[in-house]
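Taking the hints into account, I'd like the entire structure generated from these sequences.
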Amino acid sequence: MKALFHVNELDRWAHALLNITNLLRDVGTGEVTVEVVANGPAVIAYRLGSDDALRQMDELHAKGVAFVACRNALQMQNIPEESLAPFVTVVPAGITEIVRKQAMGYAYIKP
Amino acid sequence: MKALFHVNELDRWAHALLNITNLLRDVGTGEVTVEVVANGPAVIAYRLGSDDALRQMDELHAKGVAFVACRNALQMQNIPEESLAPFVTVVPAGITEIVRKQAMGYAYIKP
Amino acid sequence: MKALFHVNELDRWAHALLNITNLLRDVGTGEVTVEVVANGPAVIAYRLGSDDALRQMDELHAKGVAFVACRNALQMQNIPEESLAPFVTVVPAGITEIVRKQAMGYAYIKP
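Residue numbers (numbering that gives the first Met the number 0), protein chains in the order written: chain A, 0 to 110; chain B, 0 to 110; chain C, 0 to 110.
Hints are computed from structural coordinates only; laboratory data are not their basis.
Be aware that a few hints might be false.
[Said to hold, decoys possible] Below, computed lysine-lysine pairings styled on BS3-like, alpha-carbon distance capped at 25 angstroms:
hint, chain 1, residue 1, chain 2, residue 2
1, B, Lys62, B, Lys1
2, B, Lys1, C, Lys1
3, C, Lys1, A, Lys1
4, A, Lys62, A, Lys1
5, B, Lys1, A, Lys1
6, C, Lys1, C, Lys62
[Said to hold, decoys possible] Residues from chain A that face chain B, not an exhaustive set, calculated with beta carbons under 7 angstroms:
hint, residue
7, Ala2
8, Asp25
9, Met75
10, Ile78
11, Arg99
12, Met103
13, Ala106
Even for Gly, the Cβ is constructed at its ideal location relative to N, Cα and C.
Below you can see the structure in the form of structure tokens.
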């Protein structure tokens, strides 16, 4: 199983992280490949020191969940890449990543 | 044709049910398999006695539309399964259902 | 690459058009087929004379992006088809278009 979560609003993170936690518990870590792509203002949550969403992401990352940020969005939000949590991967355009992953068989989920 | 509708906010039900009604009218009942997966606060609408969204769901269910609730969401909303409309099916995790159905070729729609 | 953008709320157009602009710049025009399907109140943005979102759509259309409106939504919003921008294509039901395009391998994105 492969699942891509698309988060583009800051206030959807809590719901998204709960969805992923439930998915991993339901099917078992290792049974599903999970990637989260954030663009728009949602990338703000990746900034070190922001809040406890980051701690929850860190725990999910330790279970294999990939967290991706859109570079265009980081620039629009004036967030330097050095200020991001170390587990975050930056791609040139979040939408390209979303399109490519769906072409590779990932299911799309918009929490 | 196979279509999966994902509803996770209570105020998106009216739009979702209208989308499904239009889809069935456009392609013809029997030409498309439709499933609705509700998680988050959207599961509240499945509770018996809630309002007339339930009557509209009942009519769509009679035309073959499947209505699914996420058990995690029901527990978070303190909704006992016995209080749900009889046409609702409960799954352990709504997100797992969404991922599985997309892997089976269902189109994903977030109304 | 093939990508379908679903816009059903008027206030999501700015984000959607920015997503498409970034996608085309990232992968290059001609490397991706892009279609936008609008239903619900989002179809209001297609009306001639509305605002500068239309100018941005016109530029994207010149680069090959298809803009589609749902006829059911136009009727609900009392928008005659003659009042739409000339680059807009009308389909009987937007949701049917979304389901068909995903079956043809388009990735789904909800901005």
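Comparing the hints with the structure gives:
no., hint, result
1, B/Lys62 with B/Lys1, "14 angstroms, holds"
2, B/Lys1 with C/Lys1, "19 angstroms, holds"
3, C/Lys1 with A/Lys1, "19 angstroms, holds"
4, A/Lys62 with A/Lys1, "14 angstroms, holds"
5, B/Lys1 with A/Lys1, "19 angstroms, holds"
6, C/Lys1 with C/Lys62, "14 angstroms, holds"
7, Ala2, "5 angstroms, holds"
8, Asp25, "4 angstroms, holds"
9, Met75, "23 angstroms, violated"
10, Ile78, "26 angstroms, violated"
11, Arg99, "16 angstroms, violated"
12, Met103, "12 angstroms, violated"
13, Ala106, "4 angstroms, holds"
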